[in-house]
Structure formats: structure tokens, C-alpha cells
Amino acid sequence: MTAPKPILTRRDFVRGTVGAALGASLFGVTPQSARTAEARSSSVCVIRDEKALGEGNQVDTAVLQNMLDELLLQFTGQTTPKEAWLSLVKPDDTVGLVATPHLNPTHAELVDLVKAGLIAAGIPENNIRDAQGKPDRPEACTALIALPALKAHWLTGIGTVLKNYITFSGKPSNYHGENNAKLGEIWNLPIVKGKTKLVLVDALRPLCDKGPQPDPRYLWNYNGLIAGTDPVAVETIALKIIEEKRKTFPGGLGPLSPPPLCVEAADKVYNLGTSNMAEIKIKTFGWEKDLLL
Amino acid sequence: MKMSCNASPAQLPQTAGPWSRSAASQHWDAATIFEYINGAGEMYLAYRFAGLDVYLYTAPGRDDILVEIYEMKSPDDAFGLLSSDWGGDPVDLGNQPAQDPSGGRVPPHRALYGAGLLRFCARNLYGRILAYTETPESKEAVLSLGRAIAAGQENPPPPQWINRLPLRLNESWRLKPNRVCFFRSHLILNSVYFLSQKNILNLDQACEAVFAEYECNETSATLPPVKALLIRYPGADRARQAFQRFFEAYLPEYAANRPGDLSAGFQDVYNIEDGWVGCAWHQNHAAILFECPDQQTAQSMLQQVSGEIQRVEDSHDGS
Chain A
-14 MTAPKPILTR
-4 RDFVRGTVGA
6 ALGASLFGVT
16 PQSARTAEAR
26 SSSVCVIRDE
36 KALGEGNQVD
46 TAVLQNMLDE
56 LLLQFTGQTT
66 PKEAWLSLVK
76 PDDTVGLVAT
86 PHLNPTHAEL
96 VDLVKAGLIA
106 AGIPENNIRD
116 AQGKPDRPEA
126 CTALIALPAL
136 KAHWLTGIGT
146 VLKNYITFSG
156 KPSNYHGENN
166 AKLGEIWNLP
176 IVKGKTKLVL
186 VDALRPLCDK
196 GPQPDPRYLW
206 NYNGLIAGTD
216 PVAVETIALK
226 IIEEKRKTFP
236 GGLGPLSPPP
246 LCVEAADKVY
256 NLGTSNMAEI
266 KIKTFGWEKD
276 LLL
Chain B
7 MKMSCNASPA
17 QLPQTAGPWS
27 RSAASQHWDA
37 ATIFEYINGA
47 GEMYLAYRFA
57 GLDVYLYTAP
67 GRDDILVEIY
77 EMKSPDDAFG
87 LLSSDWGGDP
97 VDLGNQPAQD
107 PSGGRVPPHR
117 ALYGAGLLRF
127 CARNLYGRIL
137 AYTETPESKE
147 AVLSLGRAIA
157 AGQENPPPPQ
167 WINRLPLRLN
177 ESWRLKPNRV
187 CFFRSHLILN
197 SVYFLSQKNI
207 LNLDQACEAV
217 FAEYECNETS
227 ATLPPVKALL
237 IRYPGADRAR
247 QAFQRFFEAY
257 LPEYAANRPG
267 DLSAGFQDVY
277 NIEDGWVGCA
287 WHQNHAAILF
297 ECPDQQTAQS
307 MLQQVSGEIQ
317 RVEDSHDGS
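Chains as they are written, first to last, in the numbering used here: chain A, -14 to 278; chain B, 7 to 325.
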């Protein structure tokens, strides 16, 4: 007879034992302590431009194009956008773009610019697909570019990078409710694992509370893009921006509730990347006001 | 599957200022709500949800106005949805309760507006009306639509279970009305006060629960608020099962000493990492206090809330 799995509670947060409790509660095991001793490092780039959103919060496409190009050059170290894209994907790749389709969706202008950039880099247009949806979509792709929009989520704390692939599971309801900590599991599915060449977060107008349904009280113009190849590191930076923004409200909005368990689980349980700020090298470019980092 | 709606629970005007709506609404039920709001449907299913009607108002040269009318199975459920967030500016839609039998335990308004979004309850309806771009003109249209939906839908008093919350604990700890939330699901509890990823209190739609915060009004104190959780289970057996699960999950070091027989009721306090926890169980009722600053305060507060949950239910107490 096996012992029941321990249950993660508020007390684990107070004790600082969330990582161990997550592993135990999800799998009945303690995460490998040896792995935590490995030297890890991930880079995340953030670029902002005060003029990215104009009147009525309309996207200035020319400004966004400059932001995207600069971000790619800085992140990849290449000298042209074409070289930058080709350092991430191969000309014969079938590239799936995975945007957030609704409830504070990814700006269509960003998706269009990414697609145009890939075409300009030599990827045939018919090899670039909308991969958001059922499992057959990522399965048909050899490379994925995650394009989530930044938002807090009432059920998972944050609903940005990790949650963006939920439909790839084929059973999104398996990751609802108390099972949302397991979202990282989806990134290790054979149809997904190793395919994500870039995580590019639309942080133009994020939502810092009450998501995913839009509540304009908590939307603000951050005018930013966030990029990296480590989904957990990118999510961690996205989370930091959300948490810092919440502190700016009168009296503060308090910590995210429920806490974003999926982020630490993606690191400690699913080994997708690092959620440790000390292991993330943040490079910021452009508009510095209210950077929140 | 998306369906058009033949009979909306509310009568909406064809126009609101320069905005006009399409003839039919989109209707969603419990089986299809995730097709409309994947990732947020649980919030409505956590209460007793009957259906959702969605209307889009459009106007040339202006951003759209989205009207969502959630039909709940009781006014308590519509109230519960509003109570998860008391932020925003109070608005009178003309359907305020005639009096407040809660004695000030919750804010008096049932409609709140902020930055283009109106949220309100109207009898068993919960409404969200969102102007994607806020202007004086769109605000007036949003409010006029809210008034149209609320017309003739006078709000009843808040859920009776809320009245078990003391207005003060130990004299110096005062209830914060804007931190009172009525709910039935651990998912909602976790959104206002995270307790556990699992449903360790065995909550479901047959339960009534209220979460509240009490702040210390002694000026020299900088103590965090005490959190109170009062639950009414549908029966004593359900309460006893929840008692057992809560101790095993949240207070495992004390679980071995918990009584097996709750017929005479139970109350005790425990010291954990973030303060003292007080627990009281009586028949099908439970009260739990979190983050009490010390043992004496916890015992005193628990004595008070324990008395409230032992109070015999009368005909005005909603059972």
C-alpha cells in the first residue's frame, strides 16, 4: 500500500518548501537535488518603446517593427533580422506560430510582423502556420514560436507562456482546477518537446489582475516585448513585471492568488528551465520608465 | 456548440446611444462555456451557473461594447460573483436592496464601474458590460444598458450565511466589508486566500462559505489582518469528513490528536508558521481563523465565531 501523496498548502509557501512539496504532491517524489546544483543560466531580453501604442491603444506598426528587429538582434547577437531568424529556425522548417487567440489576445500586428520576418528570412509562406489549437497542429511543425500575451490569471496566477500550449494536450480540462500546476508537462510531450525556438511575449498592454477576462482597471501600457528561449525564465520575468505592477496600485493588490505554482513546477518538476531570478540574465533596451525590473 | 438565444433572461434595448446590437445573442451553457471563455469558465461553474447570453453593440467609428449576462441559479450565486472583487466606483442601477439586513457586513452597492467595465448583480443575474475604449459617451451607454438589464430585478438581501460574521472580533479587530467574499468552491477561495492546491475542505456547490478579513484598529499595531472562513455544509457527515481532511492536509502534526467524534462540537487553536489557527466545528458548520497574532487572541476570537456557528438557525437564516 502506497502512502498518500502529501498535499501542497499555504504553509509550504511560508516555510519556503514549495519546490519539494510540488514534486511530492504531483509525483510522490522529491525533485532531484543534484540537478539544483547544476550551473544554469538563461538570457531574457526586454525591449520597450513609449510610442508602441498610440491613440486608442492602437499599435504603431513601424515602431513595433523596430522593436522586434532590435530585440532579435540583441537576443541572437546577429547583425541582421534575417540572420537572427535563421539562427533560430532553419529554411526547411515548418514553423508554427502559437499566439494567444482570445481574452487579452496577442496583438495581430505582432503575429503579422513575425510572419513577415520569417518570410523575409527565406521561410516559404506555406511553411508558416498558425499552430494554436489541437495536438495535430504542433505535431505538423518542426519549429514553434510561442507568442503569448502577458496576463495574470485567476486560476493559475499567471496565464502567459506555460499556459499558451494548453490545447496541445488535447485535453485542456486535465490542466484546469487543481491540476494547473502540471502545465509544464505539456511542453515535454513528444509533439512539442524541443520544438520551441523562441518565446516572444506580447507585453504591449498586459493585464495584472482578474485575468483572463479583460478588466480595464488592471490593463496598462507597458509597451514591451519579452524574448528568450527558456520558457520558464521568460515566464519568470513576465511574472516579475506583473508582481511589481501590482505593488503600484493604491494599497497594493497583494501577491497573486493563487500563487503561480506552474512556474516553479516547470522548473523543479519538469526541468523546462529556470525560475530562479539569480540564474536569469536580463537585458533591457529602450524606454526605461516604469520598467518594473 | 454556440447557439442563438430565443429568450434572454433580460430585455436589452436595441440601441444605446450610437451603439446598436445584433438581433440575437450568443448563448452558452455549462457544457459550452469553455468555448467562449476558456480559462475563465471555472469561475462561473464554481457557482451555480445556468447560462450566459452575450451581445455585441457596435457603432461606426467607435469601439464595441460587450454585454455578458450570466444567469445563475440563485441570487446568492450572482452576489457571490460580485463579492469576489469589491473594487470600482459604486453605481446605482435602481435595484438596490431596500434595506441592508447584513448590518454593514458587505458594501451596500450591487453595481461597480471602473475604466469602462460595469459589473453588477440583479436578482439572479450577474452582468459584465465592457466598453473596449472608455469615453464619456461609452460610459453613459454602458450604464444605460446596466439599468435596462437591472430594471425590475430588485436585489434581495445578501446570502444569510454572511450574517454569521461578527462585525468585530475582540473589540479591536474590525470586519473589512470590501474583503467579504461569498463562495462555494475552493477555486474561488484560492483566488481570495490561497489555502491549498487541493480541495482540502471538501467544498462544492451544496456548501455555503464566506471568507472575510478583520483588521486591527489599534493605531500602534501593524499586524496583518486575521482571516475568517465560515462554512455551512449540507450535513454533519460532510462537515466531519471535511474536518478530517483539513487536519490531515493542513495541520498534519496535530491530526493524531483530533477527536474522532464531533457530536459534541469541537474547537481548538494551533500554532503554525504564520500565526495561530483556530478551528471550530459544530454539526454541519465550520469556522476557521487564520493568522491570529497570538494564542490568547486566537482563543478569544474563536470563542466568538464558535458561538456564531452554534447559533440555532431560524427562519430568516437561509437554510
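Calculated directly from the structure, the hints in this document are not laboratory data. Quick reminder that beta carbons are idealized off the backbone N, C-alpha and C, glycines included. Mixed in with the good hints, there may be bad ones.
Stated by the list, open to error - No more than 30 Å apart at the CA atoms, straight line, and that leaves these computed lysine-lysine pairs for DSBU-like:
1. B:K145 to A:K232
2. B:K204 to A:K232
3. B:K79 to A:K225
4. A:K178 to A:K36
5. A:K268 to A:K182
Stated by the list, open to error - Far from chain A, some chain B residues (derived; all Cβ distances over 12 Å):
6. G47
7. P113
8. P142
9. L173
10. N205
11. P258
To see whether the hints hold, each was checked on the structure:
1. A C-alpha spacing of about 28 Å is found between B:K145 and A:K232, which places the hinted pair at or below 30 Å, so the restraint holds.
2. A hinted pair counts as satisfied when its Cα atoms are at most 30 Å apart, and B:K204 with A:K232 qualifies at roughly 28 Å.
3. For the hint pairing B:K79 with A:K225, the CA-to-CA distance comes to about 39 Å; that exceeds 30 Å, so the pair is violated.
4. A threshold of 30 Å between alpha carbons decides the hint, and for A:K178 with A:K36 the separation of about 36 Å lies outside it, so the pair is violated.
5. For the suggested pair A:K268 and A:K182, the alpha carbons sit about 19 Å apart, so the restraint of at most 30 Å is met.
6. The Cβ of B:G47 sits about 8 Å from the closest Cβ of chain A, inside the 12 Å cut-off, so the non-interface label is violated.
7. Look at B:P113: its CB is around 16 Å from the nearest CB on chain A, clear of 12 Å, so calling it non-interface holds up.
8. Separation of B:P142 from chain A is adequate, the least Cβ-Cβ distance of about 15 Å exceeding the 12 Å criterion.
9. Even its closest Cβ contact with chain A, about 22 Å, leaves B:L173 beyond 12 Å, as expected for a residue assigned away from the interface.
10. A beta-carbon of chain A is positioned within 12 Å of the beta-carbon of B:N205; the least distance is around 7 Å.
11. Non-interface call for B:P258 relative to chain A: violated, since the shortest CB-CB distance, roughly 8 Å, does not exceed 12 Å.
Going down the numbered hints, you'll see the structure goes against 3, 4, 6, 10 and 11, while the others check out.
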